[in-house]
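S.K.: Throw the hints in and build the complete structure from the sequences for me.
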Amino acid sequence: MDWEALRLSLALGAWTVGILMPIGIFVGRWLAWSHFRGKGLVEALLALPLVLPPTVLGYYLLVSMGTRSPFGQAFEAAFGHGLVFTFEGLVLASILVNLPFAIQPMQRAFEAIPVEVREAGACSGLSSWRMLIRIELPLAWSGILTAIVLSFTHTLGEFGVVLMVGGSIPGETKTIAIAIYDRVQAFDTESAGMMAALLLALSFVTIGTSYALSNRKRQG
Amino acid sequence: MKRFLSSLAALFLVLALPGLARAQENAPVIAAASDLQFALSELAEQFTKETGKTVKLSFGSSGNFFNQIKEGAPFEMYLSADESYVFDLTKEGLTQGEGALYAVGRIVLIVPPGSTLKADGSLKDLASALKAGTIKKFAIANPEHAPYGRAARAALKTAGLWDMLEDKLVLGENVSQAAQFATSGSTQGGIIAYSLALSPKLLALGKFDLIPAEWHDPLRQRMALTKKAGETAKMFYAYVQSPAARAVFKKYGFVLPGEK
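So the sequence lines, in the order shown, correspond to chains V and H.
Just so we're aligned, residue 0 is where the first sequence starts under numbering that gives the first Met the number 0, counting upward by one.
Just so we're aligned, residue 0 is where the second sequence starts under numbering that gives the first Met the number 0, counting upward by one.
Just so you know, the hints here were simulated from the structure itself, not pulled from any lab data.
Hints may contain errors.
Rough simulated footprint, nothing fancy, chain H against chain V, three-plus residues with beta-carbon under 8 Å [as the list claims (entries may be wrong)]:
{"#": "1", "region": "13–24"}
{"#": "2", "region": "107–120"}
Taking lysine to aspartate or glutamate and the EDC-like style, the derived pairs with C-alpha atoms no more than 20 Å apart in a straight line are [unchecked claim]:
{"#": "3", "chain 1": "H", "residue 1": "K156", "chain 2": "H", "residue 2": "D208"}
{"#": "4", "chain 1": "H", "residue 1": "K52", "chain 2": "V", "residue 2": "E87"}
{"#": "5", "chain 1": "H", "residue 1": "K130", "chain 2": "H", "residue 2": "E143"}
{"#": "6", "chain 1": "H", "residue 1": "K136", "chain 2": "H", "residue 2": "D208"}
{"#": "7", "chain 1": "H", "residue 1": "K123", "chain 2": "H", "residue 2": "D208"}
{"#": "8", "chain 1": "H", "residue 1": "K227", "chain 2": "V", "residue 2": "E3"}
{"#": "9", "chain 1": "H", "residue 1": "K69", "chain 2": "V", "residue 2": "D187"}
{"#": "10", "chain 1": "H", "residue 1": "K52", "chain 2": "H", "residue 2": "E70"}
{"#": "11", "chain 1": "H", "residue 1": "K55", "chain 2": "V", "residue 2": "E42"}
{"#": "12", "chain 1": "H", "residue 1": "K55", "chain 2": "H", "residue 2": "E230"}
{"#": "13", "chain 1": "H", "residue 1": "K69", "chain 2": "H", "residue 2": "E44"}
{"#": "14", "chain 1": "H", "residue 1": "K227", "chain 2": "V", "residue 2": "E75"}
{"#": "15", "chain 1": "H", "residue 1": "K200", "chain 2": "V", "residue 2": "D187"}
{"#": "16", "chain 1": "H", "residue 1": "K55", "chain 2": "V", "residue 2": "E75"}
{"#": "17", "chain 1": "H", "residue 1": "K136", "chain 2": "H", "residue 2": "E172"}
{"#": "18", "chain 1": "H", "residue 1": "K136", "chain 2": "H", "residue 2": "D87"}
{"#": "19", "chain 1": "H", "residue 1": "K69", "chain 2": "H", "residue 2": "E41"}
{"#": "20", "chain 1": "H", "residue 1": "K130", "chain 2": "H", "residue 2": "D162"}
{"#": "21", "chain 1": "H", "residue 1": "K167", "chain 2": "H", "residue 2": "D119"}
{"#": "22", "chain 1": "H", "residue 1": "K136", "chain 2": "H", "residue 2": "E165"}
{"#": "23", "chain 1": "H", "residue 1": "K233", "chain 2": "H", "residue 2": "E44"}
{"#": "24", "chain 1": "H", "residue 1": "K226", "chain 2": "V", "residue 2": "E75"}
{"#": "25", "chain 1": "H", "residue 1": "K200", "chain 2": "V", "residue 2": "E3"}
{"#": "26", "chain 1": "H", "residue 1": "K249", "chain 2": "H", "residue 2": "E41"}
{"#": "27", "chain 1": "H", "residue 1": "K48", "chain 2": "H", "residue 2": "E230"}
{"#": "28", "chain 1": "H", "residue 1": "K156", "chain 2": "H", "residue 2": "E143"}
{"#": "29", "chain 1": "H", "residue 1": "K90", "chain 2": "H", "residue 2": "D119"}
Which chain H residues face chain V? A few, computed with CB under 7 Å, are given here [to be verified]:
{"#": "30", "residue": "L14"}
{"#": "31", "residue": "G71"}
{"#": "32", "residue": "A72"}
We put the beta carbon where it would ideally sit given N, CA and C, even for glycine.
M.R.: In structure tokens, the structure reads:
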């Protein structure tokens, strides 16, 4: 059992969710209520990671974040180290990969809020900030929870992108999914089996919890 | 619900913190060819026992590590299964000197229990099995970027079997994965590193026989410290050339530099 890899995966999941939630809330809300030319294009772009093979995405990330890319060089100049094969690089990649998992459930949740409710709030003189906190977020929270659970569990399981931009460095980029692959290659089926079972249980529990919570919300 | 959300937020904070604190430990990360999977793990353990220092090992195909080091991967030492990769990195100014030859590898034909194929290093049985049509799948490492895959291809070409076998090949991303495929029972066999076949884990999984060393270019395995190497990596580099390390390499079937 590779606890370091598990810790790393959990940390990666937490960073991804932490950064993606505010992004998801604002982008999801914007997409839910605005109409503009090219909205379909924006939605398609944000949904792209759902259908793109992770290796394709990983390849583009490797090329665009690598030490020979302008972005990679700018990052290195600013922080003293490159972006590929580092934890920060994985966080960035993971955010991009999880965009649809965070935004789509939130967008659906915001779309489900009746426009009259918001109008009533506006008539009562709520500022848009207070409207978000007091009315919109509580009404959309099951969507937000789904987004959190989906992007977190999806991060735990992400393999292809991490393999391309991570480089399987213990304690830095070797996540649990990579560790399982690594253990299989070392003919260590016992560890691989244990980690796979743990990942399965963890995924089942998180997704089960989110279903249970959203069902309760619907009934209650 | 508020309590639930705030405890969720607290949980994420706790999870995220280790990501911040990670840079404290400074055990060097060492990129090593997959054929070293067992030998180098044993060496690293001995090294830790003797010096109290730890190294982190990352195993994969030499060609992939070569590309990753060029892209700026933070490896402090690189043990390649093919010395030309090390020479190329040296030319690009990414290593400290030309490094050192640490071992010469050999390849074996390995067959899983119950295979119709005989473990015969002269590949004569493979030739007749191919003619008889009993070979459905055969595993080697990817010759594009794995030195052991190249050696396997060369040996099969020498034996005149490459053309017949080419469309039956399953390619491992590295030689360790090829060994996984070869012993899985879903293939009739494969060509893998002698050092892997000799490990206790694989001894139970198949029979093997050495392929003549003249059938392929020698697998001259070279290592080098990268420009990022620190003190521990330098100590480990010296350790890999020590008599204790040579004994381990020998145990795993490697021919040592300066020996026959």
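S.K.: None of the hints should be skipped; say for each whether it holds.
M.R.: For each hint, the structure was consulted:
1. Counting residues of the region 13–24 of chain V whose CB lies closer than 8 Å to any CB of chain H gives 4, so the stated coverage by that chain holds, three being the minimum.
2. With 0 residues having a Cβ less than 8 Å from any Cβ of chain H, the region 107–120 of chain V misses the three-residue criterion, and the hint is violated.
3. With a C-alpha separation of about 18 Å, the suggested pair K156(H) and D208(H) falls inside the 20 Å cut-off, and the hint holds.
4. Pair hint K52(H) plus E87(V) does not hold up; C-alpha atoms about 26 Å apart against a cutoff of 20 Å.
5. Straight-line distance between C-alpha atoms of K130(H) and E143(H) comes to about 27 Å, which puts the hinted pair past the 20 Å bound.
6. Taken as a hint, the K136(H) and D208(H) pair is honoured in the structure, with Cα atoms around 19 Å apart against an allowance of 20 Å.
7. A hinted pair counts as satisfied when its Cα atoms are at most 20 Å apart, and K123(H) with D208(H) qualifies at roughly 12 Å.
8. Taking the CA atoms of K227(H) and E3(V), the gap is about 23 Å. The hint is violated against a cut of 20 Å.
9. Proximity of K69(H) to D187(V) is assessed by CA-CA distance (about 30 Å); at most 20 Å being required, the pair is judged violated.
10. Straight-line distance between C-alpha atoms of K52(H) and E70(H) comes to about 28 Å, which puts the hinted pair past the 20 Å bound.
11. Proximity of K55(H) to E42(V) is assessed by CA-CA distance (about 42 Å); at most 20 Å being required, the pair is judged violated.
12. For the hint pairing K55(H) with E230(H), the CA-to-CA distance comes to about 14 Å; that is within 20 Å, so the pair holds.
13. Annotation: proposed proximity of K69(H) to E44(H) is violated, straight-line Cα distance about 28 Å (limit 20 Å).
14. With a C-alpha separation of about 15 Å, the suggested pair K227(H) and E75(V) falls inside the 20 Å cut-off, and the hint holds.
15. A hinted pair counts as satisfied when its Cα atoms are at most 20 Å apart, and K200(H) with D187(V) qualifies at roughly 8 Å.
16. In summary, the hint linking K55(H) to E75(V) is not supported, as the alpha carbons are separated by about 24 Å, beyond the 20 Å threshold.
17. Distance hint between K136(H) and E172(H) is fulfilled; the C-alpha atoms sit about 16 Å from each other, no more than 20 Å.
18. Between the alpha carbons of K136(H) and D87(H) the distance comes to roughly 34 Å, so the proposed pair goes past 20 Å and is violated.
19. Note on K69(H) and E41(H): the hinted pairing is violated, with a Cα-Cα distance of about 28 Å set against a maximum of 20 Å.
20. Distance restraint check for K130(H) and D162(H): the Cα-Cα separation of roughly 12 Å lies within the 20 Å cut-off, and the hinted pair is therefore satisfied.
21. Using a Cα cut-off of 20 Å, the hinted pair K167(H) and D119(H) holds, with the two alpha carbons roughly 19 Å apart.
22. At most 20 Å may separate the alpha-carbon atoms for a hinted pair to count; K136(H) and E165(H) meet this at roughly 10 Å.
23. Our distance criterion of 20 Å between C-alpha atoms is met by K233(H) and E44(H), whose separation comes to about 16 Å.
24. For the hint linking K226(H) to E75(V), the alpha-carbon distance of about 16 Å falls within 20 Å, and the restraint holds.
25. Between the alpha carbons of K200(H) and E3(V) the distance comes to roughly 24 Å, so the proposed pair goes past 20 Å and is violated.
26. Distance check on the hinted pair: K249(H) and E41(H) sit about 12 Å apart at the alpha-carbon level, within 20 Å; holds.
27. A hinted pair counts as satisfied when its Cα atoms are at most 20 Å apart, and K48(H) with E230(H) qualifies at roughly 17 Å.
28. Restraint check: the Cα-Cα separation between K156(H) and E143(H) comes to about 15 Å, which is no more than 20 Å; the hinted pair holds.
29. Annotation: proposed proximity of K90(H) to D119(H) is violated, straight-line Cα distance about 41 Å (limit 20 Å).
30. Checking L14(H) against chain V by beta carbon gives a least distance of about 4 Å; that is within 7 Å, so the hint holds.
31. At about 4 Å, the closest approach between the beta carbon of G71(H) and any beta carbon in chain V falls short of 7 Å, and the interface hint on this residue holds.
32. Taking 7 Å as the C-beta contact cut-off toward chain V, the hint placing A72(H) at the interface holds, the least distance being around 4 Å.
Consistency note: the structure conflicts with the earlier hints numbered 2, 4, 5, 8, 9, 10, 11, 13, 16, 18, 19, 25, 29.
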